[in-house]
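J.: Next come the chains, spelled out residue by residue.
Protein chains: 6
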Amino acid sequence: MHLAETTWTDAEKDADVALLPVGSTEQHGPHAPLGTDTLAAEAVAARGADAYDGEAVVAPAVPVGVSEEHRHFAGTLWVSPDTFRAYVRETVESLAHHGWDRVVVVNGHGGNVDALREVAARLTRDGVAYTAPFTWFDAVDTDLGMGHAGPMETSLLLATRPELVREGRLEEAAAGGAARWGEWEAGVNLAYDSAEFSGNGVVGDPREASEQQGAALLDAAGEGLAALMGVVVDREWEQKGE
Amino acid sequence: MHLAETTWTDAEKDADVALLPVGSTEQHGPHAPLGTDTLAAEAVAARGADAYDGEAVVAPAVPVGVSEEHRHFAGTLWVSPDTFRAYVRETVESLAHHGWDRVVVVNGHGGNVDALREVAARLTRDGVAYTAPFTWFDAVDTDLGMGHAGPMETSLLLATRPELVREGRLEEAAAGGAARWGEWEAGVNLAYDSAEFSGNGVVGDPREASEQQGAALLDAAGEGLAALMGVVVDREWEQKGE
Amino acid sequence: MHLAETTWTDAEKDADVALLPVGSTEQHGPHAPLGTDTLAAEAVAARGADAYDGEAVVAPAVPVGVSEEHRHFAGTLWVSPDTFRAYVRETVESLAHHGWDRVVVVNGHGGNVDALREVAARLTRDGVAYTAPFTWFDAVDTDLGMGHAGPMETSLLLATRPELVREGRLEEAAAGGAARWGEWEAGVNLAYDSAEFSGNGVVGDPREASEQQGAALLDAAGEGLAALMGVVVDREWEQKGE
Amino acid sequence: MHLAETTWTDAEKDADVALLPVGSTEQHGPHAPLGTDTLAAEAVAARGADAYDGEAVVAPAVPVGVSEEHRHFAGTLWVSPDTFRAYVRETVESLAHHGWDRVVVVNGHGGNVDALREVAARLTRDGVAYTAPFTWFDAVDTDLGMGHAGPMETSLLLATRPELVREGRLEEAAAGGAARWGEWEAGVNLAYDSAEFSGNGVVGDPREASEQQGAALLDAAGEGLAALMGVVVDREWEQKGE
Amino acid sequence: MHLAETTWTDAEKDADVALLPVGSTEQHGPHAPLGTDTLAAEAVAARGADAYDGEAVVAPAVPVGVSEEHRHFAGTLWVSPDTFRAYVRETVESLAHHGWDRVVVVNGHGGNVDALREVAARLTRDGVAYTAPFTWFDAVDTDLGMGHAGPMETSLLLATRPELVREGRLEEAAAGGAARWGEWEAGVNLAYDSAEFSGNGVVGDPREASEQQGAALLDAAGEGLAALMGVVVDREWEQKGE
Amino acid sequence: MHLAETTWTDAEKDADVALLPVGSTEQHGPHAPLGTDTLAAEAVAARGADAYDGEAVVAPAVPVGVSEEHRHFAGTLWVSPDTFRAYVRETVESLAHHGWDRVVVVNGHGGNVDALREVAARLTRDGVAYTAPFTWFDAVDTDLGMGHAGPMETSLLLATRPELVREGRLEEAAAGGAARWGEWEAGVNLAYDSAEFSGNGVVGDPREASEQQGAALLDAAGEGLAALMGVVVDREWEQKGE
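Going down the list, the sequences are from chains A, B, C, D, E and F. As numbered in our numbering, residues 1 to 242 make up the first sequence, in order. As numbered in our numbering, residues 1 to 242 make up the second sequence, in order. As numbered in our numbering, residues 1 to 242 make up the third sequence, in order. As numbered in our numbering, residues 1 to 242 make up the fourth sequence, in order. As numbered in our numbering, residues 1 to 242 make up the fifth sequence, in order. As numbered in our numbering, residues 1 to 242 make up the sixth sequence, in order.
With the rest of the complex left out, here is chain A:
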């Protein structure tokens, strides 16, 4: 049940878990759209809701996240971690207000991970909603590299929104990108911005992507999400009165 398309009278029926897709609007190289992470979060959330054995509410996706590290590339939008946490928190609070107090945040962007973990802990400990932050590319087992706008993300796009992948630019994307996420020393990543190490924003080789692999990733992520939804619903935890 996608909230945006449902009436309130239909939303009243029982659902035992809510999904909140969270993406970002940020550079994904010359070949993939700025909305890649939001599209991925929405696609995985829809797939997870289908695969789940029960009724799930799907909220509209949060479209702008913690993406300041890509700000040197045109069109990248971002909010501060504080504002992002507040926006996610209050959206989950309103879901919980309607009794949907088991929530999985379905995330498509690495830069959101730390902030989501923090806000999900807060919501859970405060007794608002038991909230689990799921990131699709951390839930799948694959030989494909993640990188940024790399094989995994490009594959997922090819399987879900192929018209948005500029295939004629894949060579250029690979040539102008970086092999890894910047310089490391003693376990510390020294770069704070992707422009420090990647000329066109890409990390990894998107030419390794394929629609077939994308379909497999979507299946795996959707199944992982559905399994998580089941565990979240069964988790011992109680909402505190408002």
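Check the hints yourself; a few may be wrong.
The list treats identical chains as interchangeable, and a pair is accepted whether it falls inside one copy or across any two copies.
Dumping the calculated SDA-like pairs for lysine to any residue here, alpha-carbon to alpha-carbon at most 20 Å [stated by the list, open to error]:
1) Lys240 x Asp126
2) Lys240 x His72
3) Lys240 x Arg125
4) Lys240 x Gly127
5) Lys240 x Ala121
6) Lys240 x Asp16
7) Lys240 x His97
8) Lys240 x Glu69
9) Lys13 x His2
10) Lys13 x Gly199
11) Lys13 x Arg71
12) Lys240 x Arg89
13) Lys13 x His97
14) Lys13 x Met1
15) Lys13 x Glu172
16) Lys240 x Arg71
17) Lys13 x Arg169
18) Lys240 x Leu190
19) Lys13 x Asp53
20) Lys13 x Gly230
Since the hints were made in silico from the structure, they are not lab data. Quick caveat, the model's predicted, so the values are computed rather than measured.
Go by the hints and put chains B, C, D, E and F onto chain A.
T.: Chains B, C, D, E and F alone, transformed into the frame defined by chain A:
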């Protein structure tokens, strides 16, 4: 140019104004979807961008706004005015970071109006971006009543997303709704929540809606928006250095 | 019962509603004092308390409000909407602490309206006090124009504090002012500051003002306020335990 | 020059220092009004402005301060220290915006002292305005005790607003009050609220008050303030550009 | 029982009061270390815990406080009063979470006093913990002057950490210091920074210090603290449920 | 150069990098002290400063961090991530104020990692200081397991503060602990608190610890830190004017 579907390399070309659609996810009676305001904001923004004589950037829509007044109806989502202002502000700051310092916020929800006026004033005075908050139903001249989920909004949906209007429920919507927005005394509205005066959340009679009138509203709103975009671009105002 | 002049022992007697006057210190042209809005709020609150059939507590006036739009004119003072809301909220919280949980904010400044609506909603929904934001010039029915330092405000001053109106400057005030509140396009006011459209800060023609009309405005506003106080006291609503 | 009564055109003339009176609305026993501290701040500010050899701007008084310690007594109003500091800070910022960057805060309430010192330091170090927090009863040399609603405050009222002193209740005030401000141990005051140690809120014996002594206190405080204004104006310090 | 060196299993035994030492890292002239205030707070807290007739928990010291006034001297560290209050407040909240709801903050720095009084009042009134802010040099009766890095502080160091006093620089310290804490007018200290009146940061003559006097100060402060702990434990006050 | 023990006059000499140790006060099973993480951070910082080929400033350790997940065990202290970030940020700002604009935060607690990454990015992007968050156990290559109060931490304590390890309780520690950090599903850790999966707070088997291994860990961590310090000092980056 819709940012979500564009690559950063294509986003680099000149655009002289940016549009930020802002909606909400909130009850719109038994006949219209919770996403009505977001859908309206997106549709009007797209129409305005088409009608505008120049290049415009369209950001992804902010999907949850200041809608606490509808919280008694299932599925309504909301954030506080503070968080809403912060989210809008920082999104506009990132648009301005890329040089798009003329911004029209294209709004679809009455409850957002005050907060948008406040944050747009702040952004403009701070020298971030000259920001104008446009609300589509305040820009059109019509005999249709606004209400809530009433003739105007229902018409716009019929013209843009007719499959989302539950036409079989229009009688019920009209019968269970209210004629006006609560009780007033000495210029003061005494109600803080729509459930105080409307049984099903509707205000006004959605049976007066039609696709034809919706098309006319969309045209008028789009033209109004395009005219505003022109004035905003020509306005004397200068961005301050970061 | 004006709190500032009352002892705590006398303040203990029953009152069923509290008034909080809220003004501003901002330019009102060459002929009217910077304190115009505060003086108006105090005068209307006093008149309303007299007209009210019951006992009312009148708090001291909040003297500085949301007036940044007049900052180009000497002597204008302002605070941010956030600070204004916090100051009003906490003052109302302390009124409610003493059991005065029906509060009318009596406002004299247009720039305060949105912020007051927001904070009054919050106080009411939080169960602190049922709080209604009353703005005197929105409560009266008159042919006089509002503008800024125009016929209505100048009339009210002539009826309450005539010595503060510089009548010898009325010609100059009218000549250097503006006919309306800046430029509009598609329902959007493009100006954020009064200096953008008025050379001396005046909007409207203060020469149309008269003491007689001011007396009528004061009567009408006081009666409207008293009527509102009655409705506020009777409103179904309950304070939540601290 | 009292801002509230001045026009902006008259406020433009040169003044070299601004005064911001700061009071509170809080219990002052059965004999003195809740507005005692605000009245004192206003009276001393007016006297200081008169005594000062130069032009001074006097802002309207901040009427509600840090008075939570008196909340057990009816009519006491208070805001948090954070909100109080913000309100004072932003009011001083707007004074400084007009070039009045030498500011003396003229305080009438002991509970405001710490918060004023903090905000004045911030304003000064930030280059907004050189700001000095003056508290009238710390500026005079007298044998009268301060207490609360005691000899000093009652004397000042008798000299400035005698009609507000309920002289018939002085015996009761003295009998029901406390000799000192609660219990101390190792330099620490153990009480956080005046109700812990005073039955009627009074500390000290207001029967020792007299109009004559009040007049002397007013003279002394006004002269001290005028001397401070001179030093503040001469202080080496520079405003930073906005 | 010093928390830092205790296991949680041993921390479970009954203690009826907790001590939170609070210091600062700031210049103390050429002869005394930047950590002087933290060292003093720790030494006095340990002595007080020993002298106290009961079990006390001693938390680790907060090492950086409100010391911006010394920022012109190398190595001085500081946080804002807001952040300092938040850090102290939340640390006390966690002490109270374990049932230690009688807390004495043992302070070694004058610049922390106002902020500690504010946060201790808040914690006490909110029902978190009855919290008393103790400042060691306000608790002792001595003829030695306080100043800054003066006789009292230098004596305490000589009695507790003599190796950290650069005795060879005492002449220089005295010669380059100030006799008192800046200029005063009408009860107002005009200086916001120690560099305005002291060339090397010292106030007072540290040559008057001695180990013997330091030992006496430590005894007196420890006894004062122990007495306060007793009063704090016996104070009528109740924690509110979380 | 440890700031706490240095005078400001000695702190003035050139240092090209500053270290800020950050620990926590939280349960470490029945055998290790609550201060384990702070002690580790201090020991590693000291070792790194020694190993570094240049002059380093070492600030006093932040003793309480983001440890709410251990709150079910007595003596655990914690602050919110917001307050922790503010405290670290402002301490680094004051280091940078003195010209030490290359800072390594030396961290001993896993729960601090996300918050430190966020604040270090902010400080670096804002031009305050190039700030790198180093966590000692992520910098060493070892076969020992990390867990919590497990082999690595216990070894480090045995090598640095052996008297604080209760060796007689190692059997009990191992028996009552957990093998791993709670339940995982689809890449998501379902536990928010250590008490959900460990009876005595231990994760891993501390009996595998030894002083020898601790000495090796300390060497490796110190060398890693020193290497990082070199890279941080050489990093191309510029402080922005205050």
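J.: Does each hint hold? Answer for all of them.
T.: Cross-check of the supplied hints:
When the C-alpha separation of lysine 240 and aspartate 126 is checked against a cutoff of 20 Å, the pair qualifies both within a copy, at 8 Å, and between copies, at 17 Å. Taking CA atoms no more than 20 Å apart as the test, lysine 240 paired with histidine 72 passes between copies only; the shortest distance there is 18 Å, against 44 Å inside one copy. In this assembly of identical chains, lysine 240 and arginine 125 lie within 20 Å of each other by CA distance both inside one copy and across copies; the values are 10 Å within and 19 Å between. For a Cα distance limit of 20 Å, the shortest separation of lysine 240 from glycine 127 qualifies both inside one copy, at 5 Å, and across copies, at 18 Å.
Proximity of lysine 240 to alanine 121 under the C-alpha cut-off of 20 Å is restricted to the intra-copy arrangement: shortest distance 15 Å within a copy versus 24 Å between copies. In this assembly of identical chains, the alpha carbons of lysine 240 and aspartate 16 lie at most 20 Å apart only when taken from the same copy (17 Å versus 30 Å across copies). In this homomeric assembly, lysine 240 and histidine 97 come within 20 Å of each other (Cα to Cα) both inside a single copy, at 11 Å, and across copies, at 18 Å. In this assembly of identical chains, lysine 240 and glutamate 69 lie within 20 Å of each other by CA distance solely across copies; the values are 19 Å between and 37 Å within a copy.
Proximity of lysine 13 and histidine 2 under a CA criterion of 20 Å is satisfied intra-copy only: 13 Å inside one chain copy versus 35 Å between copies. In the homo-oligomer, the alpha carbons of lysine 13 and glycine 199 lie at most 20 Å apart only across protomers (18 Å), although the nearest pairing inside one protomer, at 50 Å, exceeds that limit. Taking CA atoms no more than 20 Å apart as the test, lysine 13 paired with arginine 71 passes between copies only; the shortest distance there is 16 Å, against 42 Å inside one copy. In this assembly of identical chains, the alpha carbons of lysine 240 and arginine 89 lie at most 20 Å apart only when taken from the same copy (16 Å versus 24 Å across copies).
Taking the closest pair of Cα atoms, lysine 13 and histidine 97 come within 20 Å of each other only inside a single copy of the chain (15 Å); across copies the shortest separation is 40 Å, beyond that limit. Taking the shortest Cα distances, lysine 13 and methionine 1 sit within 20 Å of each other inside one copy (10 Å), while across copies they are farther apart (39 Å). In the homo-oligomer, the alpha carbons of lysine 13 and glutamate 172 lie at most 20 Å apart only across protomers (19 Å), although the nearest pairing inside one protomer, at 50 Å, exceeds that limit. When the C-alpha separation of lysine 240 and arginine 71 is checked against a cutoff of 20 Å, the pair qualifies only between copies, where the shortest distance is 18 Å, while the shortest distance within a copy is 40 Å.
Taking the shortest alpha-carbon separations for lysine 13 and arginine 169, only the inter-copy value of 17 Å comes in at or below 20 Å, while the best intra-copy value is 47 Å. For a Cα distance limit of 20 Å, the shortest separation of lysine 240 from leucine 190 across copies, 19 Å, qualifies, whereas the shortest one inside one copy, 42 Å, does not. Only within a single protomer do lysine 13 and aspartate 53 lie at most 20 Å apart by alpha-carbon distance; the minimum there is 16 Å, versus 47 Å between protomers. Within a single copy, lysine 13 and glycine 230 get their C-alpha atoms as close as 19 Å, which meets the 20 Å cut-off; across copies the closest is 41 Å, which misses it.
In summary, this structure violates none of the numbered hints.
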